[in-house]
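Each chain, written out:
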Amino acid sequence: MRNSLPLFLIICLASAAVFTLNGCAGLEGGDPESAFDRGALLQQWADQTIVPGYSNWAEHTKTLADVTVLLAAEPTADRVEDAREAFKSTYVTWQSVATFDFGPAADRAHLSTTNTFPVDTVGLMEDVVDVEWTPGTPSSLNRIGLPALDHLLFAKEDAEGCAQWLNEDVRRGQHLLRLVGFLAEESMAVSSAWGSGYRDDFVASTGTELGSGLGATLNAFNRTFESNLRRQKLGLPSGVSTFSQTPLPGHVEAPFAGDLSLQLMKEAFLSYRNLYLGVPIQGDGAIGLDDYLRSLGDVNRGAQLDSDIRAQLVAAEEALEALESPLSEFVISQQDLTFDAYAELQGLVVLWKVDMMSALGVLVTYQDNDGD
Amino acid sequence: MWFKTAKEWGLTPVDGAPLVALRLVFAGLILFSTLRFIGSGWVEAQVVEPLVAFPFDWFSWLPRPGLWAAYGLFGAMLVGAILMLVNRPRLGALIFVLPFTYVEMLDKTNYLNHYYFVSLMAGLFVFLPSRNQDAAGVPRYARDLPKVLLTLVYFYAGLAKLNSDWVLDALPLGIWLPQHSNLPLVGPALAWPITAYAFSWGGLIFDLFAGFALWSERGRIWVYPVVVVFHLVTWLLFPIGVFPWVMIGCTLVFFGASFHRNWIQRWTRVELSEYSPEPFKSGSMRWGLIMSACFLAIQLIVPWRFLAYPGELFWHEAGYRFSWRVMLMEKAGVAYFFAQNGEGREREVDLNGWFTPNQSKMMSTQPDMILQCARWIKQHDVEMGLDTRAVRAEVWVGLNGRRSQLFIDPFVDLTQIEDDMGEARDWVLPLDSVVTMSEFRARKNEWRARSAW
Chain A
1 MRNSLPLFLI ICLASAAVFT LNGCAGLEGG DPESAFDRGA LLQQWADQTI VPGYSNWAEH
61 TKTLADVTVL LAAEPTADRV EDAREAFKST YVTWQSVATF DFGPAADRAH LSTTNTFPVD
121 TVGLMEDVVD VEWTPGTPSS LNRIGLPALD HLLFAKEDAE GCAQWLNEDV RRGQHLLRLV
181 GFLAEESMAV SSAWGSGYRD DFVASTGTEL GSGLGATLNA FNRTFESNLR RQKLGLPSGV
241 STFSQTPLPG HVEAPFAGDL SLQLMKEAFL SYRNLYLGVP IQGDGAIGLD DYLRSLGDVN
301 RGAQLDSDIR AQLVAAEEAL EALESPLSEF VISQQDLTFD AYAELQGLVV LWKVDMMSAL
361 GVLVTYQDND GD
Chain B
373 MWFKTAKEWG LTPVDGAPLV ALRLVFAGLI LFSTLRFIGS GWVEAQVVEP LVAFPFDWFS
433 WLPRPGLWAA YGLFGAMLVG AILMLVNRPR LGALIFVLPF TYVEMLDKTN YLNHYYFVSL
493 MAGLFVFLPS RNQDAAGVPR YARDLPKVLL TLVYFYAGLA KLNSDWVLDA LPLGIWLPQH
553 SNLPLVGPAL AWPITAYAFS WGGLIFDLFA GFALWSERGR IWVYPVVVVF HLVTWLLFPI
613 GVFPWVMIGC TLVFFGASFH RNWIQRWTRV ELSEYSPEPF KSGSMRWGLI MSACFLAIQL
673 IVPWRFLAYP GELFWHEAGY RFSWRVMLME KAGVAYFFAQ NGEGREREVD LNGWFTPNQS
733 KMMSTQPDMI LQCARWIKQH DVEMGLDTRA VRAEVWVGLN GRRSQLFIDP FVDLTQIEDD
793 MGEARDWVLP LDSVVTMSEF RARKNEWRAR SAW
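Keeping their order, the protein sequence lines are chains A and B.
Oh and the first sequence: position 267 is 267 in the working numbering, straight run, nothing missing.
In short: position in the second sequence from 1, add 372, done, that's the working numbering.
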C-alpha cells in the first residue's frame with residue numbers, strides 16, 4: 001500500500017474523465033436547446049424592467065421634490081394640486097419596482113423606508129416640529145415615505161384648505177421637503193447602484209441559489225406578493241386578521257388621497273403579472289417565467305402549470321376589477337368582494353410559491369440543505 | 373457459544389492506526405465545519421436570532437442560548453475538536469459532542485443527516501480508544517465499529533432511494549440537475565432527462581454497494597476513488613455543506629494500518645506507538661463490545677420505525693429523520709393558520725416576520741412542525757390577551773414535482789393533536805387524496821359544516 005496515493009489520484013482523475021465523457025457522449029441523444037437561457041431572462045429583467053423601472057421611479061421622486069420646493073416656499077392651492085398630482089404618479093410608479101426588494105433595494109431597506117403603512121399620524125406630526133429629525137430609523141419607518149406624504153398633502157381635503165394649513169405653520173412645508181428629499185435621495189441611490197455594477201452581477205449570476213439573479217428575484221417576488229400586495233394592500237384592510245372580521249379602512253394604502261388605493265393595488269398586481277408573462281416596462285423583450293416553465297418539458301409541472309397560473313391571473317384580475325374606489329369605503333360596504341379578491345390572490349401565492357418554485361427548484365435560503 | 377466466538381473475534385487485538393487516523397481526520401473536519409459555521413454568521417442567523425424555535429420533541433425544555441452563550445457553545449466545540457487533535461480524544465469528543473448536539477436539538481429546521489452522523493461519531497470517540505498510544509493495539513470491534521456505521525449509512529441511504537419517485541421518475545434529481553444548465557461544458561447535459569436517470573440509478577447503486585465494497589482490500593482501490601468523485605459531484609451540484617468532505621474523510625478508515633501509519637508519519641508530527649498486540653482481558657473492553665453491539669442494534673432498527681406508520685413516508689414524514697434519507701425530496705409548501713376564539717369567530721393569523729425563510733419552508737412541509745406552530749400561535753395569542761381557543765391551518769404542499777395539494781385536515785384543531793411516537797398521523801391527508809385549490813374552495817363550506825370546527 002506504500003505507493004497507493006498516486007494510484008488513487010490517477011483513478012480519481014480517470015473516473016472524473018469518465019463522468020465527463022459520459023455527459024458528452026449523451027450529447028447526441030438529448031436536445032441541448034431545451035435548456036432555458038436564464039441569462040437572457042435576467043438580461044431582459046435588468047435592462048428592460050428593473051433598471052428603467054428604477055430610473056423612472058427616481059425621476060418621479062425628483063420631480064416630486066422639485067414641485068415640493070415650490071409648494072414649501074409659497075403654499076397655494078395650485079401648488080398643492082401640482083404636488084398632489086406628482087405624488088400620485090410617483091406612488092403609481094413605485095408599484096412597478098416595489099417587488100425588487102433585494103440587492104441595492106434590500107441594502108438600503110428601500111421597501112420599508114418608502115412604503116410602510118398605515119402611517120403613524122401622531123408620530124408624524126411630532127416629527128414635523130422636531131428640529132433634530134433623522135429619517136429612516138428602524139422605529140420611525142411608519143412616519144416617513146409615501147404614506148407620510150399622503151397624510152401631509154391630503155391633510156385637508158380641498159387644496160385651498162391644505163395650502164392654508166401649510167401656511168399656518170412653516171414647519172409643515174419644511175417637513176414635507178425633508179421627507180421628499182430623503183425619498184428622492186434613497187431612490188436615486190438604489191437606481192444608480194443598479195446602473196453601476198449591480199446590474200452586471202445580477203445578469204452574470206445565472207444559477208438558482210438564493211444569491212443568484214433568479215433566486216433573488218423570485219424570493220422577493222413571492223415574499224412581496226404575499227405580504228405586501230395580498231396581505232397589506234388588501235387582506236388587513238378587509239379585516240381577515242381580526243376575530244370580528246371588522247374591516248380596517250385606515251389600513252388601506254394611501255387612505256388620505258381617497259381614490260388612489262385601488263389603482264395602486266392594480267398597478268402592483270400588473271407588475272407581478274407582467275414579470276411572470278414577460279412584459280417588460282420598456283423595450284420589446286418577451287421572455288417570462290411562463291416560458292421558463294414551458295421549457296421544463298414536463299407537462300404537469302410545466303405547460304399545465306403555466307396554463308393554471310394564467311387562468312388564476314385572469315381570475316385574480318377579474319376579482320380586482322370587481323372592487324370599487326375608494327377602497328376604504330368598499331371594504332366596509334362590500335367586504336365579501338374584497339374577501340373574494342383576497343382568495344384569488346392567495347390562489348396565485350400557492351401556484352407561484354409552491355408549484356412554480358418547486359418546479360424550478362429555486363432555493364430559499366443560504367443554509368446547508370440535504371434535500372429534506 | 374456464538375457469544376463466546378463473537379467475544380473472541382471482537383476482542384482480538386488489531387493495529388489501532390486506522391482508528392487514530394480516523395480520529396485525526398474527524399477532528400480536523402469538525403474543526404473546519406465549526407469554523408465554517410461561525411464564519412458564515414450562522415450562530416446568529418440560525419441559533420440566536422430566530423424569534424421562535426421548533427425544538428425536538430424531548431428537548432423542548434432546553435433553554436435557547438443568547439448571543440454570548442451561543443458563542444460559548446461553539447467555542448466549546450472548537451476546544452473539543454482541538455483536544456481531539458492533540459491526543460485527548462475522549463475528553464475532546466465529550467466537550468464537542470454535548471454542545472454540538474445541544475445546538476442541533478434546539479430547532480428541527482436545521483436538522484441535517486450529517487449533523488446526526490457527526491453527533492454519533494463524536495459520541496463513539498468518547499468511548500473508543502483512539503489516542504496515539506492506542507495504535508499499539510485496539511480490540512477489533514473498536515476499529516471496525518466506525519466502519520460498520522459508515523456501511524450502514526451508505527446502505528440505508530441506498531435503501532431509501534428504492535422508491536418510485538427516485539427509480540422510475542428520476543425525481544427530485546430531474547428537477548435539481550437542470551438548474552445547473554448554466555455550467556460550462558457539462559451544463560446542457562444536466563438538463564437532459566437521461567442525465568437525471570443516470571445520476572439517480574448511479575447514486576442508488578453506489579449507495580447500496582459502496583459501503584460493503586470498501587471492506588475488501590482489492591475492492592477499495594477501485595471504490596474509494598468512486599467515493600471521492602461521487603461526493604465531489606454532490607458537493608459541486610448541491611448546497612449540501614460539509615457532508616461530502618465528512619464522508620470522503622471518514623471512509624479513509626477502511627484502509628489498512630500501514631497506509632495510515634505511512635501518511636501520518638510523512639505528513640504529521642503525530643507519533644504512533646508501534647503495533648504490539650496483547651490480548652484484551654479487561655472487563656471494560658468486554659463492556660465496550662456489548663455496548664457496541666447495542667449501539668449497532670439501535671442504529672439498525674431506528675431507520676425502520678417508519679414501518680409503524682401507515683401512508684406515504686415522504687408525505688407525512690413520521691419516522692423520516694435519523695434514517696439517512698438524503699437528497700430525496702423537493703418539497704415546498706405554504707401554510708395559512710386560522711385562530712378561533714371563544715365565540716367561534718375566526719381570523720387568519722398574520723405570521724409575517726415571525727419565522728426565518730428556512731423555518732417557514734421547513735414548517736410548511738413538515739407536519740410535526742405545523743403542530744408546533746399552531747401551539748405556539750395559541751400560546752402567543754393568549755399572552756397577547758387574545759381569546760384564542762383553537763387553531764387550524766390550510767396548508768398546500770407539492771412533493772417531487774407533483775402539483776400542490778391540500779396537506780392536512782383543514783378543519784381540525786391542531787392544538788389538540790398529540791403527535792406521540794407510534795401514533796399514525798391521520799390528520800395528514802393521504803398523498804393520493806389530491807385536493808386542489810379550486811376543489812377546496814368549492815367544497816370548503818360543506819367540509820366546514822361537516823367538521824366539528
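Hints are supplied without guarantee of correctness; some may be wrong.
[Stated by the list, open to error] In silico EDC-like cross-links for lysine to aspartate or glutamate, where the CA-CA straight-line distance does not exceed 20 angstroms:
1. A:K88 x A:D169
2. A:K62 x A:E160
3. B:K816 x A:E59
4. B:K816 x A:D336
5. A:K266 x A:D101
6. A:K156 x A:D101
Calculated directly from the structure, the hints in this document are not laboratory data.
The structure displayed is predicted, hence computed values, not measured ones.
Now for the hints, and whether the structure bears them out:
Restraint check for A:K88 and A:D169: the C-alpha separation of about 24 angstroms exceeds 20 angstroms, so the hint is violated. Only pairs whose Cα atoms come within 20 angstroms are accepted, and A:K62 paired with A:E160 is rejected, the gap being roughly 24 angstroms. A threshold of 20 angstroms between alpha carbons decides the hint, and for B:K816 with A:E59 the separation of about 48 angstroms lies outside it, so the pair is violated. Restraint check for B:K816 and A:D336: satisfied, since their Cα atoms lie roughly 16 angstroms apart, inside the 20 angstroms limit.
About 19 angstroms separates the Cα atoms of A:K266 and A:D101, which keeps this hinted pair within 20 angstroms; it holds. Between A:K156 and A:D101 the alpha-carbon distance is near 33 angstroms, which puts this suggested pair outside the 20 angstroms criterion.
Hints 1, 2, 3 and 6, counting from the list given before, are not met by this structure.
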